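Participant: Sequence:
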Amino acid sequence: MNVSVSQLPGIGQKISLKTAEDSMLVVIVHHTGKRELYFFDDVDGDEADFAMDLTPDETRELGAQLLGATYQPVNANQLKMFKKQIVIDYITLSPKSSVAYQTIEESEVRNKTGTTIIGIVQGDEMIAIPEADRKLEPGDVLMAIGKKDQIAMLEALCKGEE
Numbered sequence: 001m002n003v004s005v006s007q008l009p010g011i012g013q014k015i016s017l018k019t020a021e022d023s024m025l026v027v028i029v030h031h032t033g034k035r036e037l038y039f040f041d042d043v044d045g046d047e048a049d050f051a052m053d054l055t056p057d058e059t060r061e062l063g064a065q066l067l068g069a070t071y072q073p074v075n076a077n078q079l080k081m082f083k084k085q086i087v088i089d090y091i092t093l094s095p096k097s098s099v100a101y102q103t104i105e106e107s108e109v110r111n112k113t114g115t116t117i118i119g120i121v122q123g124d125e126m127i128a129i130p131e132a133d134r135k136l137e138p139g140d141v142l143m144a145i146g147k148k149d150q151i152a153m154l155e156a157l158c159k160g161e162e
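Per UniProt numbering, the very first residue in the sequence shown carries number 1; after that it's consecutive.
In case anyone wonders, no lab produced these hints; they're calculated from the structure. Treat the hints with care, since some could be wrong.
Computed list of lysine-lysine pairs in BS3-like fashion (alpha-carbon distance at most 30 Å, straight line) [to be verified]:
#1 K135 <-> K96
#2 K147 <-> K135
#3 K159 <-> K84
#4 K112 <-> K135
#5 K96 <-> K34
#6 K34 <-> K18
#7 K112 <-> K84
Computed Cβ-Cβ distance ranges for the label pairs, DEER-style [stated by the list, open to error]:
#8 N77 <-> Q7: 40 to 50 Å
#9 E131 <-> G160: 38 to 48 Å
#10 N77 <-> D57: 35 to 45 Å
#11 D22 <-> A64: 46 to 56 Å
#12 D149 <-> E61: 40 to 50 Å
#13 I129 <-> H30: 50 to 60 Å
#14 N77 <-> H31: 55 to 65 Å
#15 E161 <-> V121: 19 to 29 Å
#16 A64 <-> Q85: 46 to 56 Å
#17 R60 <-> I118: 53 to 63 Å
#18 K135 <-> Q65: 46 to 56 Å
#19 V121 <-> A156: 17 to 27 Å
Nothing here was measured: the structure is a model prediction, and the numbers come from that model. Where is the CB? At the ideal position from N, CA and C, for every residue including glycine.
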């Protein structure tokens, strides 16, 4: 980003911010505290595509938001790594499974496999974030989240291969 500052005699200061995408944001700060904000889609444009006036308080709030005062985005590389580690899968519960006919709590699925059941499809009923006292029935489709190896353990448990 290319930033240039120039004095406007009798008015205040002009700050121009040119982006790598050839757009430009111009802020005029008046001696009175008033700020004018102009956006040019094209750096060489004669007329602003967007303009607005800001009070000093509005300007401070905008600056705080741009600095991340209330929200910090997640690092994209960290998010990609996280997404590679976490799996959400749908697993059908077999009648041979030792957890069939037990509640989620009784089954100890979380302790045995490390996965978390985040949903159940029981016939026509869909249960999001089921309670611990929800009974697991053969034929239920469990929506679970965990690491790849944890999901594999849950799959084996649900097939009765534990």
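Participant: Each hint needs a verdict: does it hold in this structure or not?
Facilitator: Outcome of the hint check:
1. The suggested pairing of K135 with K96 holds, with an alpha-carbon distance near 15 Å, which does not exceed 30 Å.
2. With a CA separation close to 24 Å, the supplied pair K147 and K135 stays within the 30 Å bound.
3. At roughly 25 Å between alpha-carbon atoms, K159 and K84 fall within 30 Å of each other, so this suggested pair holds.
4. The straight-line distance between the Cα atoms of K112 and K135 is roughly 17 Å, inside the 30 Å bound, and the hint therefore holds.
5. Between K96 and K34 the CA atoms are separated by roughly 74 Å; this puts the pair beyond 30 Å, and the hint is violated.
6. The hinted pair formed by K34 and K18 meets the criterion: a straight-line CA distance of about 22 Å does not exceed 30 Å.
7. Distance restraint check for K112 and K84: the Cα-Cα separation of roughly 22 Å lies within the 30 Å cut-off, and the hinted pair is therefore satisfied.
8. Distance hint check for N77 and Q7: the Cβ-Cβ separation is about 42 Å, which falls inside the suggested range of 40 to 50 Å.
9. As the Cβ distance of E131 to G160 is approximately 24 Å, the hint placing it in 38 to 48 Å is violated.
10. Separated by about 36 Å at the C-beta atoms, N77 and D57 satisfy the suggested range of 35 to 45 Å.
11. Under the hint 46 to 56 Å, the C-beta atoms of D22 and A64, about 27 Å apart, miss the expected range.
12. Between D149 and E61 the beta carbons are some 47 Å apart, a value that agrees with the proposed interval 40 to 50 Å.
13. For the pair I129 and H30, the beta carbons lie near 53 Å from each other, so the given range of 50 to 60 Å is met.
14. A beta carbon spacing of about 45 Å between N77 and H31 contradicts the range 55 to 65 Å that was offered as a hint.
15. With their beta carbons about 22 Å apart, E161 and V121 fall inside the hinted range of 19 to 29 Å.
16. Restraint check, A64 to Q85: a C-beta distance of roughly 34 Å breaks the suggested window 46 to 56 Å.
17. One distance hint, 53 to 63 Å for the beta-carbon pair R60 and I118, is violated here, with the actual separation near 41 Å.
18. Separation of K135 from Q65 is about 48 Å and conforms to the stated range, judged on CB atoms against 46 to 56 Å.
19. Remark: the range hint 17 to 27 Å for V121 to A156 is upheld by a beta-carbon distance near 20 Å.
The earlier numbered hints that this structure contradicts are 5, 9, 11, 14, 16 and 17.
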